[in-house]
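In the order they appear, the protein sequences are chains W and B.
So that you can map any letter, position 103 of the first sequence is 103 in the numbering used here, and since no number is skipped, the others follow by simple counting.
So that you can map any letter, position 412 of the second sequence is 412 in the numbering used here, and since no number is skipped, the others follow by simple counting.
Worth double-checking, as some hints may not be accurate.
What the hints assert, rightly or not - Okay, derived cross-link-like pairs now, DSBU-like style, lysine-lysine, Cα gap no bigger than 35 Å in a straight line: (1) Lys43(W) - Lys87(W); (2) Lys36(W) - Lys380(B); (3) Lys306(B) - Lys43(W); (4) Lys79(W) - Lys36(W); (5) Lys306(B) - Lys380(B).
If you are wondering where the hints come from, they were derived from the structure by calculation, not from laboratory data.
Keep in mind the model is a prediction, meaning the values are calculated, not measured.
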Amino acid sequence: MKLRLSFLLVFLLPVLLAASVLAAPVPVTSAELIEKAADFDGKEVTLEGEAVGSILPRGEYAWVNITDQNNSAIGIFMKASDAARIKTLGRYGLTGDRVRVTGTFYRACAAHGGDLDVHAASVTLVEAGHASVPAVPAWLPPLAVVSAVLAAGFCTIAVLRVRRYNAF
Amino acid sequence: MAVKNKSYGRVLAVLYYIGIVLAVLAAAECIPLATSVLAGETKFIWVFTASLSLQLLAAAVLVLLGARFRALRLDSGEGMAVASGAWLLGMLLCALPYAFSGNYLSYLDACFDVMSGLTTTGIGMVQDLDHLSVGLNMWRFLLTYIGGQGMVVLALVFLTKNTDSAYKMYVGEAKDERLMPGAVNTARAIWRISLLYLAVGWAVMAAAGVYAGLPLGTAVLHGVWIFMSGWSTGGFAPMSQNILYYHSFVYELATLVFFTIGSFNFALHYAVLRGDRRELRRNIETVSFTITLSCLSLLAAFGLMKNGVYPNLAALFRKGFYQMISGHTTTGFMSVYARQFYHEWGDVALFAITIAMLFGGSACSTAGGFKGLRIGIIFKAIGAEIRKYTLPENRVVQTRIHHVRDLPLTQEMVHSAFVIVTLYLITFAVGTAAGLGAGYSLAESAFESASATGNVGLTIGVTSPANPAFLKITYILIMWLARLEFLSVLTLGAKLVRKVVKR
């Protein structure tokens, strides 16, 4: 009996663990969805990304746009209650909440005027958003001050010169 | 020696006027600076202070150099040199905020985006658009708005005298309608019309934004930006998904109305605003636009339906027709992803939209492309030619066109239309060849080249920061040439070559 149990633990458990990892949906990227839209059309997909912009309410539902790469966001149509769990949306100075969405992908959604979108079945918060205000480069303030002083000087001379020629 | 001095003085007079245009552009930068102050964007307060100062410095140096010769009367070539020179130097200086922002991988990318904005094209190189500062966004859209009406036209507003030189510069920026006596009065009329529409359009777009679900503050900001971009047939949007971000038919419809109106001739606006509504139906440009848009939309719809791209008529309208009219008016707003054109649209629909982008909007408007006036003239000329051979030899029939008033179709008009359209086609071919040279397919290269040549902004996914420098420079030159309708830039080039050869 003990031997059987040890056999199970040593051989079967790793196999079961590996199987469960393989069975978990691997997130697709927005670029993959756009490039291979026909292949994914109507299928269940999982994608992960940062919620950006604003939540756009539509009655019991809402649109949330999530981005996983530079300049490549996708619209997620989700329940308003799921959208309400997203507290921070990305914009200048803010990194939005990172969410994992599983849902049905549509290449040209019949319900939404042909939008390429995902209708979410589940939304999980992966990481909370945070402030990300860009730092001021050390060279910028001195450049601004010096150029402002020079510009003020040259503009004054230019205005005086133009007035002088106007007088003649 | 005296001749040499005279020529030197004329060059300095050109530089003086370029300096004036640059000073006006620098003054405009106060708006994004103020926006950044209000939004509390510390980094961008420094960015705009530095850029604005450097721009003013460059403008002051040019004004100082040429102040003594400012009274010289510019000839047509010099007027064109002012326009094309101001656009080139304007691009280099207006790119400073972009370059300092950290949102561009190189200064070339920053210049690309400025030229794209000023020429109201709308293809871009910006990084991380969804996190762009409010101030920098304001600058992007302001550049598009200024470029749409014309930066020289803006500078003329501040001139006090209706000089002959002013008219030469006005023509140099590819606008030749005289709405009122004198270029300065015409420039003021153009800006009055644009500002009137801005007030109305801003309110409508803000309301559409609230309806789409945006918070009020965001709706107001997006409203002014999208209006400026749409009216100027620009195509920039504040979010990376462009118009698709809003997921709203009402928002799309509102943009469609404004960018269509924006693509009309300022002379037509002026006539309609003065009460002549019949002009809308009679004008050769609106007639030509309606016919070409209808034919090309039907062709695109046929292609899209044949391939079963969209599931119903609503989707066909929101994606197919929206993209078609966005391309034809040379706006470039997108409600689909760039790569969807390539993977899903099919050859027939891509062909139709490529032709639409080349045809473009109206002359003396914010739009690019061949222009409806020229297409109308060419078709009228072809019709007249056919009639000539079908009627008895001794019968003389004069062909007329209606553009604000009835005009006889002259050989000069036909010649000018054919010359400009030929130059557009050569430019389109060069752009396509450059795309092919960079390794893209013929369909991709032709689509992107048509977009750059027509100052449109729709993209099939070719334009990207990863492009080789030669392709970026080719597109910059194409956008610049096409916006100024070639002659100004070619005149500037010819003048520079002549100076070098003389030495």
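Q: Could you grab the alpha-carbon distance between lysine 306(B) and lysine 380(B) and see if it respects the 35 Å cut-off?
A: Given that 35 Å is the threshold and the Cα spacing comes to 33 Å, the pair holds.
Q: Would you mind confirming whether the straight-line C-alpha gap from lysine 43(W) to lysine 87(W) stays at or under 35 Å?
A: This hinted pair holds, its Cα atoms lying about 28 Å apart.
Q.
Check whether the Cα positions of lysine 306(B) and lysine 43(W) lie no farther apart than 35 Å.
A. Holds - the C-alpha atoms of lysine 43(W) and lysine 306(B) are around 24 Å apart, at most 35 Å.
Q | Given hint lysine 36(W) paired with lysine 79(W) - CA-CA distance at most 35 Å | A | holds, 26 Å
Q) Going straight from one Cα to the other, do lysine 36(W) and lysine 380(B) come out at no more than 35 Å? A) violated, 46 Å
Going through the hint list in order, the structure does not satisfy hint 2, though it satisfies all others.
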